[in-house]
Amino acid sequence: MTTTSHRTQTAERYALAIAGCVIVTLTAAGFWLSYAHLAEVAGRHGLGTSPTRQWAWPATLDAFIVAGEVLMLRASLRRETDGWAISLTAAGSLGSIALNVAGVSRSDGVPAPALDYVVAAVPPAAALFAFGVLMRQIHRHVAAEESTHSRRPVGEPSAHPADLGRPRGHSATPQLPDPERHSDHEGDRPTSADAGQDAPGDVAEETDQVAEAHVPPKKRTGRKPAATDDELFAIALTAPLGRDGRASSRHIETAVRSRGLSLGRDRRDKITRQVQSELDSGQADAA
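Residue numbers (full-length UniProt numbering): 1 to 287.
What the hints contain is simulated information worked out from the structure, not anything from laboratory work.
Take these hints with a grain of salt, some might be off.
[Stated by the list, open to error] Label-pair ranges, simulated between beta-carbon atoms: (1) 90 with 4: 38 to 46 Å; (2) 105 with 32: 20 to 28 Å; (3) 81 with 117: 29 to 37 Å; (4) 21 with 105: 15 to 23 Å; (5) 113 with 44: 34 to 42 Å; (6) 117 with 80: 19 to 27 Å; (7) 67 with 5: 39 to 47 Å; (8) 28 with 4: 16 to 24 Å; (9) 278 with 258: 14 to 22 Å.
For each residue, glycine too, the CB sits at the ideal point set by N, CA and C.
Turn these sequences into a full structure, and let the hints steer you where they fit.
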């Protein structure tokens, strides 16, 4: 599928390049034929004695076409509409067509056939329409490129070089410190590593605590009561055991928090070691 799409795009580029070459050649040929005929008209009407002025005179008209076409090309690349460029191109092209047709005459005074007027009008008209087709293709090409670059999957954020090394799960905004919690034990704050081991209910509880930390102290209605190590140890002995019958810090923390008490990481680890020592002593006595 990708190969077919690539071949199609390549064929489109070649077709557009060939069409562009043909259009540029047609524009140049029509412009040259129109310029040469206007030079002949100028030679028959007062400038025949000065070849330099004879060949310079058509430039006073065709220069409007060149200037207008260049400005239209610039406006096409910028996807804008330039009224002055359109006016210059239209005035120069229509004036060139009118003068080419008006310059048709015969030396014997006999009216020229209608085909002579058609021959005189075709080159400037062909140059005008060919350039219009070229501007249309440039408009479509620029619009297609901008549409391709602006296409992005919905919901996918743009990656910034400064954010490449930052974990996706953590916010870049630092959390505000809580004066009351900081005045207590520094270990009385659950860490992200402990949260990754907690049960879904504990994760939700930790989220609530993080949100609570952002509330100004004056809006806090109270703190969880503190407990002594003996009380925490007694509660920890009632917590379920973990893998291989060993003390589980996660279960101990859940049991303590279910009593409405706070428990930091340092105290939790300390109580867990005490419980494990108690278990090891009991197993040694039983043996």
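Quick rundown of the hints versus the structure:
{"no.": "1", "hint": "90 with 4: 38 to 46 Å", "verdict": "43 Å, holds"}
{"no.": "2", "hint": "105 with 32: 20 to 28 Å", "verdict": "21 Å, holds"}
{"no.": "3", "hint": "81 with 117: 29 to 37 Å", "verdict": "33 Å, holds"}
{"no.": "4", "hint": "21 with 105: 15 to 23 Å", "verdict": "36 Å, violated"}
{"no.": "5", "hint": "113 with 44: 34 to 42 Å", "verdict": "18 Å, violated"}
{"no.": "6", "hint": "117 with 80: 19 to 27 Å", "verdict": "37 Å, violated"}
{"no.": "7", "hint": "67 with 5: 39 to 47 Å", "verdict": "41 Å, holds"}
{"no.": "8", "hint": "28 with 4: 16 to 24 Å", "verdict": "37 Å, violated"}
{"no.": "9", "hint": "278 with 258: 14 to 22 Å", "verdict": "21 Å, holds"}
Taken one by one, the earlier hints fail for this structure at numbers 4, 5, 6, 8, listed in ascending order.
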